[in-house]
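Chemist: Here is how the chains run, residue by residue.
2 protein chains.
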Amino acid sequence: MTTLEDCRALDAQDPLRSLRDQFTLPEGVIYLDGNSLGVLPKAAPARIAEVVTQEWGQGLIRSWNTASWFDLPQRLGDKVARLIGAAPGEVVCTDSTSVNLYKVLFAALSQQKDTGRKLVVSERSNFPTDLYIAESLCRERGFTLKLIEAGELQGPGSVLTDEVAVLMLTHVNYRTGAMHDMKAITAAAHAAGALTVWDLAHSAGAVPVALNDSNADYAIGCGYKYLNGGPGAPAFAWVHARHANKFEQPLSGWWGHAAPFEFTPHYRPAAGVGRYLCGTQPIIALAGLECGLDTVLAAEAFDKDEGAMAALRAKSLALTDLFIRLVEERCVGQGLSLVTPREHAQRGSQVCLSRGEGAYAIVQALIARGVIGDYRAGDSQMPDILRFGFTPLYLGFDDVWNSVEHLVQVLESGEWKREEFNRKNAVT
Amino acid sequence: MTTLEDCRALDAQDPLRSLRDQFTLPEGVIYLDGNSLGVLPKAAPARIAEVVTQEWGQGLIRSWNTASWFDLPQRLGDKVARLIGAAPGEVVCTDSTSVNLYKVLFAALSQQKDTGRKLVVSERSNFPTDLYIAESLCRERGFTLKLIEAGELQGPGSVLTDEVAVLMLTHVNYRTGAMHDMKAITAAAHAAGALTVWDLAHSAGAVPVALNDSNADYAIGCGYKYLNGGPGAPAFAWVHARHANKFEQPLSGWWGHAAPFEFTPHYRPAAGVGRYLCGTQPIIALAGLECGLDTVLAAEAFDKDEGAMAALRAKSLALTDLFIRLVEERCVGQGLSLVTPREHAQRGSQVCLSRGEGAYAIVQALIARGVIGDYRAGDSQMPDILRFGFTPLYLGFDDVWNSVEHLVQVLESGEWKREEFNRKNAVT
Numbered sequence: 025m026t027t028l029e030d031c032r033a034l035d036a037q038d039p040l041r042s043l044r045d046q047f048t049l050p051e052g053v054i055y056l057d058g059n060s061l062g063v064l065p066k067a068a069p070a071r072i073a074e075v076v077t078q079e080w081g082q083g084l085i086r087s088w089n090t091a092s093w094f095d096l097p098q099r100l101g102d103k104v105a106r107l108i109g110a111a112p113g114e115v116v117c118t119d120s121t122s123v124n125l126y127k128v129l130f131a132a133l134s135q136q137k138d139t140g141r142k143l144v145v146s147e148r149s150n151f152p153t154d155l156y157i158a159e160s161l162c163r164e165r166g167f168t169l170k171l172i173e174a175g176e177l178q179g180p181g182s183v184l185t186d187e188v189a190v191l192m193l194t195h196v197n198y199r200t201g202a203m204h205d206m207k208a209i210t211a212a213a214h215a216a217g218a219l220t221v222w223d224l225a226h227s228a229g230a231v232p233v234a235l236n237d238s239n240a241d242y243a244i245g246c247g248y249k250y251l252n253g254g255p256g257a258p259a260f261a262w263v264h265a266r267h268a269n270k271f272e273q274p275l276s277g278w279w280g281h282a283a284p285f286e287f288t289p290h291y292r293p294a295a296g297v298g299r300y301l302c303g304t305q306p307i308i309a310l311a312g313l314e315c316g317l318d319t320v321l322a323a324e325a326f327d328k329d330e331g332a333m334a335a336l337r338a339k340s341l342a343l344t345d346l347f348i349r350l351v352e353e354r355c356v357g358q359g360l361s362l363v364t365p366r367e368h369a370q371r372g373s374q375v376c377l378s379r380g381e382g383a384y385a386i387v388q389a390l391i392a393r394g395v396i397g398d399y400r401a402g403d404s405q406m407p408d409i410l411r412f413g414f415t416p417l418y419l420g421f422d423d424v425w426n427s428v429e430h431l432v433q434v435l436e437s438g439e440w441k442r443e444e445f446n447r448k449n450a451v452t
Numbered sequence: 025m026t027t028l029e030d031c032r033a034l035d036a037q038d039p040l041r042s043l044r045d046q047f048t049l050p051e052g053v054i055y056l057d058g059n060s061l062g063v064l065p066k067a068a069p070a071r072i073a074e075v076v077t078q079e080w081g082q083g084l085i086r087s088w089n090t091a092s093w094f095d096l097p098q099r100l101g102d103k104v105a106r107l108i109g110a111a112p113g114e115v116v117c118t119d120s121t122s123v124n125l126y127k128v129l130f131a132a133l134s135q136q137k138d139t140g141r142k143l144v145v146s147e148r149s150n151f152p153t154d155l156y157i158a159e160s161l162c163r164e165r166g167f168t169l170k171l172i173e174a175g176e177l178q179g180p181g182s183v184l185t186d187e188v189a190v191l192m193l194t195h196v197n198y199r200t201g202a203m204h205d206m207k208a209i210t211a212a213a214h215a216a217g218a219l220t221v222w223d224l225a226h227s228a229g230a231v232p233v234a235l236n237d238s239n240a241d242y243a244i245g246c247g248y249k250y251l252n253g254g255p256g257a258p259a260f261a262w263v264h265a266r267h268a269n270k271f272e273q274p275l276s277g278w279w280g281h282a283a284p285f286e287f288t289p290h291y292r293p294a295a296g297v298g299r300y301l302c303g304t305q306p307i308i309a310l311a312g313l314e315c316g317l318d319t320v321l322a323a324e325a326f327d328k329d330e331g332a333m334a335a336l337r338a339k340s341l342a343l344t345d346l347f348i349r350l351v352e353e354r355c356v357g358q359g360l361s362l363v364t365p366r367e368h369a370q371r372g373s374q375v376c377l378s379r380g381e382g383a384y385a386i387v388q389a390l391i392a393r394g395v396i397g398d399y400r401a402g403d404s405q406m407p408d409i410l411r412f413g414f415t416p417l418y419l420g421f422d423d424v425w426n427s428v429e430h431l432v433q434v435l436e437s438g439e440w441k442r443e444e445f446n447r448k449n450a451v452t
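Chains as they are written, first to last, in the numbering used here: chain G, 25 to 452; chain Z, 25 to 452.
The set of hints was computed from the structure by calculation and includes no laboratory data. A hint or two may mislead.
[Unchecked claim] Here are the simulated lysine-lysine pairs, BS3-like style, with alpha carbons at most 25 Å apart:
hint, chain 1, residue 1, chain 2, residue 2
1, Z, K103, Z, K207
2, Z, K170, Z, K207
3, G, K66, Z, K66
4, G, K270, G, K137
5, G, K137, Z, K137
6, G, K328, G, K103
7, G, K207, G, K328
8, Z, K137, G, K142
9, G, K137, Z, K142
[Unchecked claim] Label-pair restraints from in silico Cβ distances:
hint, chain 1, residue 1, chain 2, residue 2, range
10, G, F285, Z, A208, 30 to 40 Å
11, G, R442, Z, Q82, 17 to 27 Å
12, G, R442, Z, R41, 57 to 67 Å
13, G, Q82, Z, A338, 27 to 37 Å
14, G, D186, Z, A208, 50 to 60 Å
15, G, G113, Z, D318, 32 to 42 Å
16, G, F285, Z, G113, 36 to 46 Å
[What the hints assert, rightly or not] Covered stretches of chain Z (in silico footprint by chain G; criterion: 3 or more residues with CB under 8 Å from a CB of chain G, positions within the stretch not fixed):
hint, segment
17, 118–126
18, 155–168
Positions of the beta carbon are idealized from the N, C-alpha and C atoms, including for glycine.
Pulled out of the complex, with its shape left as it was, chain G reads as follows (with noise of 0.2 Å):
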């Protein structure tokens, strides 16, 4: 059996430990929710003021050219891109992930309308905004959108068929946490003259992603997640630069005109990723999403060669392999099953746990105490589900035992049977 003395001294040896002192955390809480919203670095708080008080307050319109504001999308995106496999250039850091979507899945699309494909094809178990923005998509643009289980994507009898105009899927599943191969997938799509759009919100930050080497299409992702880039931060987009220069996305905005200062009548897209800018950008959120870049780009020390997601990944699978080894040891007759995949190279950063009852107010028991995890219901095809996300680079070995301690506790003392943990009134 490991001990809490055990995770201690793995603790100790742990190279990585010192990236917490990056955060500000609660005191009394194990943060198992960092894949819902990243914890506040340290340094955030200084630099939004200065951006408040003296690039806006003192500034004023002078910071646009002495603060560098227009830069920023592009060199948030370099940042970005140090963390998913793409160039510099290729990134840009604006709106939100459902907006970023709709443009990069209208993009592909118009790469494919004349082609006869007709189906947009995705997973049923897909984040839902996802779903909502190709629906929409789908019926305003004449495709159809096929909703599959991740089985059916590869071997005989593959849903990747001539009739394929776009697969779009996300990385690591919110649920249950499964990842896909983006390599032999996109390969797989490719074959079948399909384009791919990788969802990224559970991947930046969380896992190593190589949208070049996968031969990826376009990409987006979430900036307010393992990125840490504080609530509603803004999302990103990737192109490859096989498209960039030569699809057009529809939310025309000034930051992606060819001149934005000219103030000329016609819309004239920027060269490369660009263009996949549209209206003015929230500022003071922009300054919140590059510190929390900063932190996760800290890993880079630790891995020079391959970079900061090569160093959190070890970390993150002893965390969640320690995770599943504590809750199997010690949750045993529970009635706790495991739904995120054993195999590392199908595995995210979070672990998730299915029960036949009681997941919700088990979750709402262990936020009780301090140990934030989250719930996601489930429906007649999925079970409910007990979520708990695991970043590196604040959490300790420790954090893990303690965690499941209080599982162990909530469930021996059924404490989650008490009213207040059932009533299903909680917005997350």
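Knowing the structure of chain G, use the given hints to seat chain Z on it.
Modeler: Just chain Z, lined up with the frame of chain G:
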């Protein structure tokens, strides 16, 4: 001749004078560019710091409940509603002006798609990003964008024929400061069977707007100009109640879903203007916007019947009248022409001047003296513009006098001819 002492006397009698205490202004600056980026409310740094350190840092994901993040777009929308003649529940604060224009113009075009009407009419001198978005949507949806001059809207030979699907106008022109008669033009558009989309970027917080009384159809506007919401603050969208539940916009993200936390795989639009929301919004930026909105709403105390904008309008006109009079008294023979209409009913809250040469350099020379206005380049049909915005919340009559004094000195000394002021390297 009006003297500085006369202006100081006007300030001494100004009932709104105390409103300027709400703001932090840089030392030595007369800020005549609130129509490009509003100034910093004194309350903003502390409120933003609270959101960063407490709601994000301490509350983390729990703040969706405890800080009511989900309600922000509509709660702030209700504050905007009080400034634009809309009802509670009719406005959302979200995304950028350009993205919101895409949503409402799409909805308006959906309404007209089976009528055979194929024209979207707008002004040639409309703000370019509006034209870019319209250009894109027209191409996509099978409409034609027809650009006209303001004079072609009414009277015999009006362009408002039975071919017009949508009339899309900016209420106050960004270059000239000319204001449309929203009610009369909306009536003329409706008489012709067209819908109206109004951009309130230079109106909200600047002039009284009566959307419901004007019977307008759709409107959008900017949060960071006269609403003082901070650089890139979220914008807003309004939809008349008669349309709000009938039509959808295509950016169908989770925040616009009828039951966003049920995570259902199919999109079902929220009732009312809530369906004009899309993805996750920048919470920190929304906090800045609320501080800005509160500075304008503070003027409600000065006109309990007609509201904040009625109180502010009288002073705005007094400021712009004074500026025009002083320029005409003191800059005789300097080649300046008034571009902004003299008639109050046709004037926004800015004054624009043109000059055969040197407009850019004169603006730069003024900025070097701390008088911040801005320059807008002309073309074969429009002259170069010196643009001065007058925000009654924080400008005094003495500021108007001093700004004209600087203008006189810049012109009479010929200092604008110095090479440093003639280099066009500015982003603004």
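Chemist: Taking the hints in turn, state whether each one holds.
Modeler: Structure-based check of all given hints:
As the CA atoms of K103 of chain Z and K207 of chain Z are separated by approximately 22 Å, the hinted pair is consistent with the 25 Å bound. In summary, the hint linking K170 of chain Z to K207 of chain Z is supported, as the alpha carbons are separated by about 22 Å, within the 25 Å threshold. The straight-line distance between the Cα atoms of K66 of chain G and K66 of chain Z is roughly 24 Å, inside the 25 Å bound, and the hint therefore holds. With a C-alpha separation of about 14 Å, the suggested pairing of K270 of chain G with K137 of chain G holds against the 25 Å cut-off.
The hinted pair formed by K137 of chain G and K137 of chain Z meets the criterion: a straight-line CA distance of about 21 Å does not exceed 25 Å. The hinted pair formed by K328 of chain G and K103 of chain G meets the criterion: a straight-line CA distance of about 15 Å does not exceed 25 Å. At most 25 Å may separate the alpha-carbon atoms for a hinted pair to count; K207 of chain G and K328 of chain G meet this at roughly 24 Å. Proposed proximity of K137 of chain Z and K142 of chain G is supported: the alpha carbons are some 23 Å apart, at most 25 Å.
With a C-alpha separation of about 23 Å, the suggested pair K137 of chain G and K142 of chain Z falls inside the 25 Å cut-off, and the hint holds. Remark: the range hint 30 to 40 Å for F285 of chain G to A208 of chain Z is upheld by a beta-carbon distance near 34 Å. Judged by the Cβ atoms, the range 17 to 27 Å given for R442 of chain G and Q82 of chain Z holds: they are separated by roughly 25 Å. Roughly 58 Å separates the CB atoms of R442 of chain G and R41 of chain Z, a value that falls within the hinted 57 to 67 Å.
The hint said 27 to 37 Å for the Cβ distance between Q82 of chain G and A338 of chain Z, and at roughly 31 Å that hint holds. Separated by about 57 Å at the C-beta atoms, D186 of chain G and A208 of chain Z satisfy the suggested range of 50 to 60 Å. Between G113 of chain G and D318 of chain Z, the C-beta spacing of about 40 Å keeps the proposed range 32 to 42 Å intact. For the hinted restraint 36 to 46 Å between F285 of chain G and G113 of chain Z, the CB-CB distance of approximately 38 Å keeps it satisfied.
Counting residues of the segment 118–126 of chain Z whose C-beta sits closer than 8 Å to any C-beta of chain G gives 6, which meets the bar of three, so the coverage hint holds. Counting residues of the segment 155–168 of chain Z whose C-beta sits closer than 8 Å to any C-beta of chain G gives 7, which meets the bar of three, so the coverage hint holds.
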